[in-house]
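With the hints as a guide, dock the two chains, each given alone in a separate frame, to form the complex.
Below are the chains, spelled out letter by letter.
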Amino acid sequence: MPDRPLSPHLTIYKMSRYSLLSSFSNRLAGLAASAGFVLLVDWLVAAARGPQAYARTAGALSTPLAKGVFAVLLLAVVYHLLAGIRHLVWDTGRGLERAQSRRSAWLIAVLTLILTLALAYWAFVARAGGA
Amino acid sequence: MSERTPLGRVRGYGAAKEGVGHWWAQRLTSIALVPLILWLALSLLSLPALDHATVSAWMSAPGRALLLILLVSIAAWHSQLGVQVVIEDYVHGAGMKVLALVVSSFAHVVIAAAGVLAVLSVSLRSAT
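So the sequence lines, in the order shown, correspond to chains A and B.
Counting in the working numbering, the first sequence tops out at residue 131, every number present.
Counting in the working numbering, the second sequence tops out at residue 259, every number present.
It should be emphasised that the hints constitute simulated quantities derived from the structure, not laboratory data.
If you're wondering where the values come from, they're calculated on a predicted model, not measured in any experiment.
We treat Cβ as the ideally placed atom computed from N, Cα and C, and that holds for glycine.
Simulated DEER-style distance windows between Cβ atoms:
| # | chain 1 | residue 1 | chain 2 | residue 2 | range |
| --- | --- | --- | --- | --- | --- |
| 1 | A | Arg49 | B | Phe237 | 18 to 26 Å |
| 2 | A | Arg103 | B | Leu232 | 30 to 38 Å |
| 3 | B | Trp170 | A | Gly93 | 28 to 36 Å |
| 4 | B | Glu149 | A | Ser23 | 17 to 25 Å |
Chain B with its partners taken away, still in its complex shape (with noise of 0.2 Å):
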């Protein structure tokens, strides 16, 4: 049973009641980032060299390529979780504020796709 007031609730003033989930999604996706990181710069680092036949035969293999599509997407998520927080917190004005996150959401997911559909093109065709 809700304590605020009707005329509290029809304002829409109190918490949003998304702290935590924004919290959590968070957290979880700096655990995945941790082991996934370190996979990406050991990977890269031993690789004999970086042109583009080593570079599209490593990132091939499916498993890699899974990993890859993972990386993508989760860092894509924390990103966009961190750089969320930075605009509510810096840019002033109601406005300018929604603008700002509508774009940072937007340009979140079309580099995570990019990166996704990236990662699928090089593993699938060498596939066939």
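Chain A on its own, in the form it takes in the complex (with noise of 0.2 Å):
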């Protein structure tokens, strides 16, 4: 391949620590996202191939380890979506001043917490006994 220039990055941009934590924290987030989804249609062809297929898929799927991994991808998939909508919101211009960045990864920090917590609470706890 040949040398293309690349478009400026690390080398031109000086990132703070907050840019460059939720940067980073975003990407890795995104490839969790994507074992999630792996996991996920991995559940679905489990569905399609029959009850006993499925029992074996769901079963490995319940263990304490694998709750643990899928509050781990839950965390991932809730954060990922938060960053991504503030990375859609930045992409119309507005929210890219150093404050307001800021505030916004504050704000999804927060919020990321707040929804992962309430969704395993209502996935592990209020329907208990479902998966």
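Below is the structure:
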């Protein structure tokens, strides 16, 4: 591959602690969401293969370890969703000032925590015996 | 009219002119995924149970099957675009980079096809 010129990134922009952290964590969360997507498709395929295959997959997905993994993936998906909405707002040219972007970084961190806890509570506690 | 020199053009340097397409597809897929993901999360949480009978009955309604197929296809596309950027940034060496990009693209297509086929087979089986 020829060495094409890259769009200006780390060598041009001076990233603040906040922008570095939120950019990196959004990528990481996106990768985790991709892993979660593979699990989702695995679950759909199990449903298509019939009750026995589905019971095996559902069993594997309801161990304590799997529930822990699910909680982490849930956190990642919620964060990636909110951070993605933040990016879409940025794309309209709004919220790019330093103070605004710090505020939105904190806002999505807090919202991620609240939403993840609410969804995890709903999934694991409120409908006990569901999965 | 291009301002690039013939030599520069022959060597293939300069922007690939593909960046905007990637950026735009990433935005469009992310906009589509917001309602789809919310719909999936709320639907699964509102199901009385997650056993095979309940889940396959839920999946087989045509409207839900359509939304699931859209979700699987668009999420795979969005994931492919994102993983591509990570590979481009962190996998060094031209050979490894191309290999990783090819493997990622193939894997995403296979996973998307498997998900669509799964939804279709549950949906069509129950329709007969």
